[in-house]
Amino acid sequence: TQLLEQSPQFLSIQEGENLTVYCNSSSVFSSLQWYRQEPGEGPVLLVTVVTGGEVKKLKRLTFQFGDARKDSSLHITAAQPGDTGLYLCAGGANFGNEKLTFGTGTRLTIIP
Amino acid sequence: NAGVTQTPKFQVLKTGQSMTLQCAQDMNHNSMYWYRQDPGMGLRLIYYSASEGTTDKGEVPNGYNVSRLNKREFSLRLESAAPSQTSVYFCASGGVMNTEAFFGQGTRLTVV
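Chains A and B, in that order, give the protein sequences.
Note that this note's numbering numbers the first sequence so that position 27 is 27, with each residue one more than the last.
Note that this note's numbering numbers the second sequence so that position 12 is 12, with each residue one more than the last.
By construction, these hints were calculated from the structure, which means they are not laboratory data.
Quick caveat: nothing in here was measured; it's all calculated off a predicted structure.
Among the clues, some could well be false.
List of simulated lysine-lysine pairs, BS3-like, C-alpha gap at most 25 angstroms [claimed, not checked]:
(1) A/Lys59 / A/Lys99
(2) A/Lys99 / B/Lys57
(3) A/Lys70 / B/Lys9
(4) B/Lys14 / B/Lys71
(5) A/Lys99 / B/Lys71
Some chain B residues well away from chain A (every beta-carbon gap over 12 angstroms; in silico) [unchecked claim]:
(6) Pro8
(7) Leu13
(8) Ser18
(9) Met19
(10) Asn28
(11) Arg44
(12) Gly63
(13) Ser75
(14) Ala82
(15) Gln85
(16) Arg108
(17) Val112
Idealized CB from N, CA, C, for every residue including glycine.
Starting from the given sequences, assemble the full structure and let the hints guide the process.
Next comes the structure, spelled out in structure tokens:
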């Protein structure tokens with residue numbers, strides 16, 4: 001079983017602050033995805049990173065894939081209440097066997 | 001677009017009862033998944049189907065069976081429900097070769 005550990009598990013910060021969420025594994029992944037989940041809904045994809053060292057930006061969100069393709073981070077600048085949700089990373093399991101393995105999740109709350 | 005449709009949305013079972021969760025997707029995806037989501041546990045893979053007629057066990061398959069009768073539909077069956085199976089169940093499709101996985105809205109199952 002390939003484990004994806006996310007930290008922190010819970011994070012509550014004031015609107016306007018910056019934050020970083022981490023996703024770590026001892027295994028190499030062919031790709032790493034980040035999803036956000038709202039209450040009562042299924043996860044929705046935010047971004048996919050596929051190259052070691054890759055950085056992608058989505059407005060105030062910056063995603064990075066580690067050089068060794070074992071870890072990733074999500075950085076949010078000037079957090080807004082609309083960023084509140086459960087953030088999940090997911091890795092493509094093996095090259096040629098792309099079962100998605102999800103991380104343990106980070107529940108983010110932005111306080112107005 | 002319907003995407004991924006799961007039924008039912010809510011279900012209460014008594015211990016020992018059986019039931020089948022239905023899932024259908026209209027995106028012509030080969031891969032389909034069943035996950036369960038428990039508080040603080042992220043998403044754990046129950047079963048995976050890479051294509052019509054094939055299924056593989058995921059991280060937590062015990063107590064479940066699946067059926068992939070055609071490309072659209074992937075059902076999850078609980079033969080003898082146990083309280084430990086109380087959870088939110090998500091069906092998903094896609095998510096291979098670095099592409100997005102699409103999720104249904106989930107089934108909230110309570111076993112009493």
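Hints and how they fare:
At most 25 angstroms may separate the alpha-carbon atoms for a hinted pair to count; A/Lys59 and A/Lys99 exceed this at roughly 29 angstroms. With a C-alpha separation of about 11 angstroms, the suggested pairing of A/Lys99 with B/Lys57 holds against the 25 angstroms cut-off. The hinted pair formed by A/Lys70 and B/Lys9 fails the criterion: a straight-line CA distance of about 35 angstroms is larger than 25 angstroms. Only pairs whose Cα atoms come within 25 angstroms are accepted, and B/Lys14 paired with B/Lys71 is rejected, the gap being roughly 32 angstroms.
A threshold of 25 angstroms between alpha carbons decides the hint, and for A/Lys99 with B/Lys71 the separation of about 17 angstroms falls inside it, so the pair holds. Annotated as non-interface, B/Pro8 keeps its C-beta farther than 12 angstroms from every C-beta of chain A; the closest such distance is 14 angstroms. Against the 12 angstroms criterion, B/Leu13 stays outside the reach of chain A, whose nearest CB is about 20 angstroms from its own CB. Under the 12 angstroms C-beta cut-off, the non-interface status given to B/Ser18 relative to chain A holds; the minimum distance is some 25 angstroms.
Even its closest Cβ contact with chain A, about 20 angstroms, leaves B/Met19 beyond 12 angstroms, as expected for a residue assigned away from the interface. The non-interface label for B/Asn28 is consistent with chain A: the shortest C-beta to C-beta separation is roughly 17 angstroms, beyond 12 angstroms. For B/Arg44, the condition that its CB be more than 12 angstroms from all CB atoms of chain A is violated, with the nearest at approximately 7 angstroms. Distance to chain A confirms B/Gly63 as a non-interface residue, since its nearest Cβ pair spans about 17 angstroms, more than 12 angstroms.
Listed as outside the interface, B/Ser75 is consistent with that label: its C-beta sits roughly 17 angstroms from the nearest C-beta of chain A, beyond the 12 angstroms cut-off. Residue-level check passed: B/Ala82 sits 22 angstroms from the nearest beta carbon of chain A, beyond 12 angstroms. Consistency note on B/Gln85: stated as away from chain A, and its beta-carbon is indeed over 12 angstroms from all of that chain's, at 19 angstroms minimum. Not every C-beta of chain A lies more than 12 angstroms from that of B/Arg108, the closest at about 9 angstroms, which undercuts listing it as non-interface.
Remark: the non-interface label on B/Val112 is consistent with the geometry, its nearest Cβ contact in chain A lying 22 angstroms away (cut-off 12 angstroms).
Hints 1, 3, 4, 11, 16 from the earlier list are contradicted by this structure; the remaining hints agree with it.
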